[in-house]
Amino acid sequence: MVVIGAGLAGLTAGIRLAQEGLDVAMFATGHGALPLAPAVVDVLGYVPHRVQNPWVELPAFVAKRSQHPYARLSMGALAASVDWFKDIAAPLGYAGSLERNQLLPTALGGLRPTVLVPETMVAGELSGGGDVLIVGISGYRDFYPSLVAQNLSASSPAADCRITARAVEVALAGDPRDLRPQLLSRRLEEPQVRADLARSIRAELRAETAVGLPAVLGLERSHEVWSDLEQWIGRPVFEIPTIPPSLPGQRLQALLIQVFRRFGGRLQIGNAVVAGHGGDGHLESVTVAQASREVSVSAGHFVLATGGVGTAGIVVDRAGTPREAVLGLPVSFGGLSGEVGREYFGTHPLDRMGVAVDARLRPTGGESGHLFANLHAAGATLAGAEPWKEKSGDGISLATGFAAAAAILEDRA
Amino acid sequence: MARSQIETDVLVIGGGSTGAGVAWDAALRGLHVTLVDRGDLATGTTGRFHGLLHSGGRYVVKDPSSARECASENLILRRVAADCIEDTGGMFVTTPIDDPGYADRFVAGCGAADIPVEEIAVGAALGREPRLNPRISRAFLVPDASIDAWKTVWACVRGATARGAHVLPYHTVVSLTMKADAVTGACLLDARTGDEVMVEARCTVNAAGAWSRKVAELAGCEVGVVPGKGIMVAMNHRVVNTVVNRCNMPGDGDIIVPIRTVSVIGTTDVPVSDPDNIDPTREEIAEMMEAGEALVPGFSHGRALRVWAGARPLFPKSASGQVSDTRDVTRSHSVLDHEALDGVGNFLTITGGKFTTFRLMAKDAVDLAGRKLAHPKECTTASEPLPDSESRRYYWIGARQEEMEHDAPDDPLICECELVSRTDLQAAMARRPNWQLDDLRRALRIGMGPCQGGFCAFRVAATLHQDGQYDRLAANHALRAFVEERWKGVKLISWGDQLRQTRLDEWIFQGVLDLEHLPE
Amino acid sequence: MTAEPLALFEVRSSLDHCVKCTVCESACPVAAVTGLFPGPKTVGPQAERFRAGDRSPDLSVDYCSGCGICSRVCPQGVRIAEINSRARAQLKRDRGIPIRDQLLARPGVMGRAGRPVAPLFNWALANPLVRLLGERTIGVHRKAPVPRAAARSFSYWASRRRPYRAERRVVYFHGCSTQHFEPEVGKKVVAVLEHNGFQVLIPKQDCCGLPLQSNGIFEAARRYVKRLASQLSVPGSEGLPVIASSTSCGLMLKREALEILGVEDGQLVDISQRTYDLFEFLLELHERGELSTDFFPVPLTVAYHAPCQQQNQLIGKPALELLRLVPGLRLVEMDRLCCGIAGTYGTKREKYDIAMRVGDPLFADIKDASPDVVACDSETCRWQITKATGISAVHPLEILYRAYGGS
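Keeping their order, the protein sequence lines are chains B, G and Y. Start counting the first sequence at 0; every next residue gets the next number (numbering that gives the first Met the number 0). Start counting the second sequence at 0; every next residue gets the next number (numbering that gives the first Met the number 0). Start counting the third sequence at 0; every next residue gets the next number (numbering that gives the first Met the number 0).
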């Protein structure tokens, strides 16, 4: 098996296949979007109104969007992938269900719908209202507690629920340069540092029932950092994800890579796949770039999970012509066309661009309906979605990665 | 709605380089000046050109008098505005698509216009600029440079206000007040507050550039200025560190200017009727990208960061005022005494020209105004340095990077692409009491780098909220407005690396921050 | 990353691909342990836009260790480490290159100087007082791991041996460490190759210039690497694989000389395209069914650490895969990316602590695994690991050699 791309979709497919004892080689040009993402699992957030129950609203959504990746899956497959993820990512304590969007605070203080939430963020679920203390750390420039608190206080998750939020800022001793997110999160892994933080927060606490912090609570020892803080502050503590770098994203990525390797998967980061070779509807091999040479890697099955425009899985030249960057597959516009809009928040012609797939997640084309019988595609590479708007990206990556693996396993059975 | 009054010697309408230069010159001569602009300063033509400080080489064959003017003003500005200028030097190169015979005429023309020109070996040219087209046949060095228009305008304005001038951005001229065939002042509307300001002026200078026709009409005068639209594309980094020109008769897209952190290619020249309606078209953008290939092979595959258009104020000296190809119109300027031309007293228009000659244009305008006011002071702008240029040290692109590397570490960067820190933001706010976010953006270049605000927009809006400058709704609104404003410049360059950046920014603004769904 | 090494201006132009995503800063092992280094994105593609080539505005780029992890994890193909390397060279040109760096950059010179007096040389380098003096005067940290000069060079042995002749031949690029400090490793490499039926050509050869390049001394580095390419282009050896047993030197030939130094030299390009890391070559043999697998069991627990320079060759971990074939061996793969030494970086007084903090997690993992020995393809990494953990670190080749019955 060759999986191209080591993001959420690629790692999902890779782990699923490796779990079944298959030999999986994974190549990726780099680290992709996982370490940037908030690491919650969005399934369907807006359609455009805010979705309360994805399980109930998905069928209607999909009925209107036949080219959407969710239209290629059954609800059962989506549910299976979510359950599978919760199991695989158990060390990070993901909780939630497809029947209920949780509402989590953003770094601006808005409320954002999502399905699965790691343990470090669970206490921030505010759809029932709440009384929270939002804590910023002086010198850490990617989190502004007063704006978060004020916007949260103005948000009403439901008619009868209110959120009261208050902001404070605490200082950590030491070199201000150490407040870059990477260093800050590692400092919090030192027990003394987080004990001091807990003490400062405790001193500020009044009647609030939970404490929100920026998502910097450790990298490898996030569980200890978070649970110690909860214990020492005496309240539930939740992280609020902010602009990249994302520590929760890095934790999830590290975990998934570890799991992949544990099942015997082989991952090579830095290797671009530059071409594919095959004929008669069968992909034989791919060409992989090394530092000074290219080598050919053959496999029985291939999964393309290179991500969309954001990770250069789909590239657009100056003439506006899109190209799928690895295998040169045809690119679909996912049903959109026309001129770019004047307003930023509208829908623009390139927003749903990607590779179109059939019900078995094989890129479409050719006489038999699919280009290669043994090539599947998953994740943001697929056409038909605007994941950042719909808040559907993780769900698409997870479900299609899972389904691509399932299709391969079926083919082999 | 409040009303206030100002009495002034000289009312200057238009806060571009010309207007700011007039304010500086007049203030130095002891006149009281009031400078107004409908928007922020330097947002007209001045804020939208490529930043070239002409050596004059471009005009030596086509427009020798303009060439001479540029040459002498180049020297003067290097003396008095050094802080605004980066001494990049310039090169004229004969590319395979240029007329090989032009080069000799060029050299002769430089000689006649007193422009220092030095022919260098092609190998030396390529050594200096490795990305230049290796197939050039000749190369010449000239003293082109790049100049920061915004900095220059604000230096003039700081110098003028230090000498008592009033500067009123965001004030529209609603009407010019007339009395007995003379302009006695203007009625202004503060665009931000709706307040009215009545200005009584002994002399009114129309320095509205491409808009000077509209202003002149308010006094019943005719100014046949033709706005010439020119588009420019900023490439993400400096592919060259020298200004490079094609050694040929002036044409479209024949110059690449390294200005601050970007390289700008321009430009086109298309007459338009409305200087406010000048959106670049896809064809024009494609034309500029391809034009760059002649000078720098591979140029069109580079990352286009932003595209915009400016409207030049072209003023034909001929009486008819009808222009087909605006490139034939002289680039020298004109001072129009409306007393002589239209019978309207105390009113003059200064138009045409180019940024490089703004000081000279201002001098000519203030000389005439001085005569009208019987105020015989001489112009001193050729020797008096602008504020911050006293040391006569040129701007160095690495300055901010070096400063930041040595500075105190506890000054976090708000905008990393353009190295803008928290204290920079606070200092800029202190200098502009009634600032808008766009004013700060222009002053600091926040969001003007590769990420086009993807990371800094959030930090800026939230910092301003945290510092008490914005309330919650203002901060939310400011962030959305910032994002919309950036979109204007990138939406037409939705390809390649910049499209990828746009998509990442969408993930940040919509995916992570969910900016669209903030509470009202 | 693509297969084509980029021309110099293309390395700078690759900054256009940077969308500021911060992935590199998250992966950088140096930025993770010190505030002195703001991160590869900051000193790389971001600062590059403020460099006009002549005068350096930089300072903190000096703390980049050159490990190359940033370039490897960048999903957009920005040549971050290469941009940093060039910026560092400019910085040093402006500020002057310290004597220490001139010395450290020339292991060949030091090795040759030390050899005639090897016992004294080695004693001095192990003597705490001498080391303290060294730290105070030239700036090599007193605790920095340093090699021991060998009494006889590798080439001395090579020129006196009876070469095994065979139809299939390879050219052996042994590197300075084998030549001056660890000739035994080189002998074993030759033995293993010969055991697999290859005639091993060992031309006279000098330093590849990597330490010069990583210390910003580009002009000398270019001379060295061009000379080496010429030396390895033995007449009659056209098209033969060039086997590099020192993985960092191998990367220099494969890529860095072209992309960081911008050397345009026909011989170098040719050599570059047929340079193989030793285990890359052996694994390919195995995949063709041509590797001798007549192994004796080696009942050892071995912790394998893939050095940065090996990983940057983008060939996976062939040493690990090959060692899995050895019966009795218990292999534990180390997950950490960097040991911290980064060639000569970690030996410097002002960087030693940073290097040790970078390597700490790896050292802890190694100690937890309680191996009999650590296997690692790069010599400087081996010296760092041995010093920090007290556990012996060997070239993985030594294990293979033992499996073939060597001792």
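It should be emphasised that the hints constitute simulated quantities derived from the structure, not laboratory data. Keep in mind that the hints are not guaranteed to be accurate.
Computed list of lysine-lysine pairs in PhoX-like fashion (alpha-carbon distance at most 25 Å, straight line) [claimed, not checked]:
(1) B/LYS388 - G/LYS490
(2) B/LYS388 - G/LYS487
(3) Y/LYS366 - Y/LYS316
(4) Y/LYS366 - Y/LYS386
(5) B/LYS63 - B/LYS388
(6) G/LYS178 - G/LYS371
Going through the hints against the structure:
1. For the proposed pair B/LYS388 and G/LYS490, the alpha carbon gap of about 18 Å is at most 25 Å, so the pair holds.
2. About 20 Å separates the Cα atoms of B/LYS388 and G/LYS487, which keeps this hinted pair within 25 Å; it holds.
3. Between Y/LYS366 and Y/LYS316 the CA atoms are separated by roughly 21 Å; this keeps the pair inside 25 Å, and the hint holds.
4. For the suggested pair Y/LYS366 and Y/LYS386, the alpha carbons sit about 12 Å apart, so the restraint of at most 25 Å is met.
5. Between B/LYS63 and B/LYS388 the alpha-carbon distance is near 16 Å, which keeps this suggested pair within the 25 Å criterion.
6. Simply put, G/LYS178 and G/LYS371 have alpha-carbon atoms about 16 Å apart, close enough for the 25 Å limit, and the pair holds.
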